[in-house]
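Respectively, the protein sequence lines represent chains A and B.
Every letter in the first sequence is one number past the one before it in our numbering, and letter 18, counting from 1, is 18.
Every letter in the second sequence is one number past the one before it in our numbering, and letter 369, counting from 1, is 369.
One thing to keep in mind: the hints can contain errors.
Here are some of the chain B residues that sit facing chain A, going by a computed Cβ distance under 8 Å [said to hold, decoys possible]: (1) 54; (2) 207; (3) 264; (4) 409; (5) 428; (6) 430; (7) 432.
Here are some chain B residues the structure puts well away from chain A; computed CB gaps all over 12 Å [as the list claims (entries may be wrong)]: (8) 83; (9) 107; (10) 110; (11) 123; (12) 171; (13) 234; (14) 249; (15) 267; (16) 324; (17) 325; (18) 379; (19) 390; (20) 396.
To be clear, the hints were calculated from the coordinates, so they are not data collected in a lab.
Model, not experiment: these values are computed from the prediction.
The beta carbon of each residue, even a glycine, is placed where N, CA and C say it ideally should be.
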Amino acid sequence: MSTASRTGTAPGTVTGAGTGTGAGPGTGSGTGVRRQPVRWLPLAPATLLLLLFLAGPICYCVYIAFTDMQLTGSSHTDFVGLANFRRALSDARFRNAVWLTLVFTFVSSVVGQNTLGLALAGLMRRASRPLRTLTGALVITAWVLPEIVAAFLLYAFFRREGTLNAVLGWLHLPGQNWLFTLPILAVSFANVWRGTAFSMLIYSAALAEIPEEITEAAEVDGASGWRAVWHITLPMIRRSIGTNLMLNTLQTLSVFGLIWAMTRGGPGDRSQTLPVFMYDEAFNKSLIGYGTAVALLLLLVGSLFSVVYLRLMKVEV
Amino acid sequence: MRPTAPLILAAAATVIAAGSLTACGSGSGSDPDTVKVAYNRNTDNNVRFKDQFLDSMKKQFEKAHPGKKIELVPIQAPDDDYATKVQQMMRSPRTAPDLVYEDTFRINSDIKAGYLRPLDDYLAKWPAWSHFVDTAKSAAKAGDGKTYGVPDGTDTRGLWFNKKLFAKAGLPADWHPKSWADVLDAARTIKKKLPGVIPLNVYTGKAPGEVAVMQGFEMLLYGTGADPLYDPAAKKWVAGGKGFKDALNFVHTVYGEKLGPDPSDALDANINTTVGTELLPEGKLAIDLDGSWLGQLWLGNGTKKWPEWSTTLGQAPMPTQRGQAPGEVSMSGGWTWAIPQKSKNAALAWEFIQQMQQKENAVRWDIADAQIAVRDDVAADPKYLNSMPGIKFFTSLVKNTHYRPALPVYPQVSSAIGEALESVTTGDSTPAGAAKSYDDQLKSVTGGAVVDRTG
């Protein structure tokens, strides 16, 4: 049950980021100071609702993180200051979750989705039309599948009696229970499988924006292959790379349903990323206060990633 | 970079975080003539005897109380998730059911959280209450001396073994192990003589939840000595116990010597379904440390029809560690019906409990759910006693059974035990190392209320 509602938050993530980036230029481009109050009027009901249903729960969450609230076992809740945060930092399982989150994000988002999406977009520009349509359709199918369905598909792929081992057996290679021996890589691969379409779409759009003349001029000047990609294509789509990395990372950081359905964070804690750890503490162990504090720390990890990207890419949001 | 960017990002990330934590919870309505009954529907869609029983109770009740309605709210989830869902429902008057089915080991946490209401006023005027045995009456009694739930049965645990496989391996059909060593010896013999058969299943790890902790670990732990988990005299939890390490060591031996199921299967959340519906009926498992209720899977309306089970399987009590008195050990739990504090319809909910506990209905339920009776009048009923082979055996274990320390932090202690089991099973840590990190967690969840028995 909780798993299902959890999966439901994934689209919310995208919308959250989307409206955020949309609001940036909007506020900046305001002209005519006197008209502004009137222009705000039609937005007032929406703003009010947002404050009520988004800001309200968010503030409540921040408050909970500083208390010892429990789902059961205690009827009163005390303010405990920074105790939850101190507890997290001294908790070996928390540190393990942070490390696994970084591995998961780096492997599946930064390297996997991003590079593979760019490669696919580049290759598809040169491919024949039917091939392009077919590849596009396949990749996007993975994207539109609900997270939980994708998770079960990949669970079936990786399990001991699964497709991967069947293929390996056919090639006379030894199989194993991948979810047990290499859990974090299995879930990372699953996330790549699922999320590459998004990068591919962004990069297809970005590559289509590069004027033909520039590519042709480069070829005339003798720059071809990797040199052209490195000196011309990549700098020209720099902003798209930044945006894509950021959106990918933020979404990958919050992946829960995929991991929960495939491994439940196990075996041991070997695929327990921060969202899974947070769920375990908040709902399995009933420590809502501690779980919320972990959620806020997850937010911190996300912001750190974003700041690094913004600095590296010097992109404007 | 515009200064708004980090703000927007922070806001976006907060939405993620907040969204993840404010999940669940819906449905309201407080019709004064309707009793909302929340219960755990089996995750196996073929198992519907509880739904059928409650449905017939609903019909009986609505016939006897014209104008009143029962609304069944089945929650189809594993037990851990069921508990979480019900706790979330009970937090708010908008969503609180009028009656909930509660595992006895969680009931005290929910009493402490103020979710349930005492039933003493009702019980005092209820003649059937005198038929309930004392241990069962205390199962839902809180520290304040009030009773918050009506138990509808209990369970015991022991060793199930496959007599056909035992014969092939040259082991006796009236197997009666006297110590842990005897159990391991039999398993080793089977491993040697019958390759391909899993010798011994002991539930372990985090994913199976309380199944692993109670059927697996505590069946071992309570065979190592008195009060190995909680010291009732000191009112403190036990850290650094030798029995704890010994029990972990037993699990370590089972999985280290490959006497158990493959760890990747053993650590699957659905292992208990697999054991009951595949491994045992298909003769792939020789010895299973498991509960009294297994037979319900193979009976007429169970998941896996297996009429030969009563001749194929034998039962033996789980021995104590070295055969020390009383020689055998069992654990008991069971479920109760409780009325949430925020129910708006408590009186009618109580009427429904009484309806379900009319003797005929109680007998029917204990038979349908393969429960061990908690009422003397039900236990003496011939229909109950003849309902299932083995029921006399499992009823006989009640004399040496143990109840878990039903204290509010128990679910967290249980969770810490699950982690210790998992790390020993995967080989991530040694029994001593796992026991050490259990001790650390125990101190943290109990706020330091521990006695240290290291030495």
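Comparing the hints with the structure gives:
{"no.": "1", "hint": "54", "result": "19 Å, violated"}
{"no.": "2", "hint": "207", "result": "5 Å, holds"}
{"no.": "3", "hint": "264", "result": "4 Å, holds"}
{"no.": "4", "hint": "409", "result": "6 Å, holds"}
{"no.": "5", "hint": "428", "result": "5 Å, holds"}
{"no.": "6", "hint": "430", "result": "14 Å, violated"}
{"no.": "7", "hint": "432", "result": "17 Å, violated"}
{"no.": "8", "hint": "83", "result": "8 Å, violated"}
{"no.": "9", "hint": "107", "result": "10 Å, violated"}
{"no.": "10", "hint": "110", "result": "5 Å, violated"}
{"no.": "11", "hint": "123", "result": "23 Å, holds"}
{"no.": "12", "hint": "171", "result": "30 Å, holds"}
{"no.": "13", "hint": "234", "result": "20 Å, holds"}
{"no.": "14", "hint": "249", "result": "18 Å, holds"}
{"no.": "15", "hint": "267", "result": "5 Å, violated"}
{"no.": "16", "hint": "324", "result": "33 Å, holds"}
{"no.": "17", "hint": "325", "result": "35 Å, holds"}
{"no.": "18", "hint": "379", "result": "32 Å, holds"}
{"no.": "19", "hint": "390", "result": "33 Å, holds"}
{"no.": "20", "hint": "396", "result": "35 Å, holds"}
In summary, the numbered hints that this structure violates are 1, 6, 7, 8, 9, 10 and 15.
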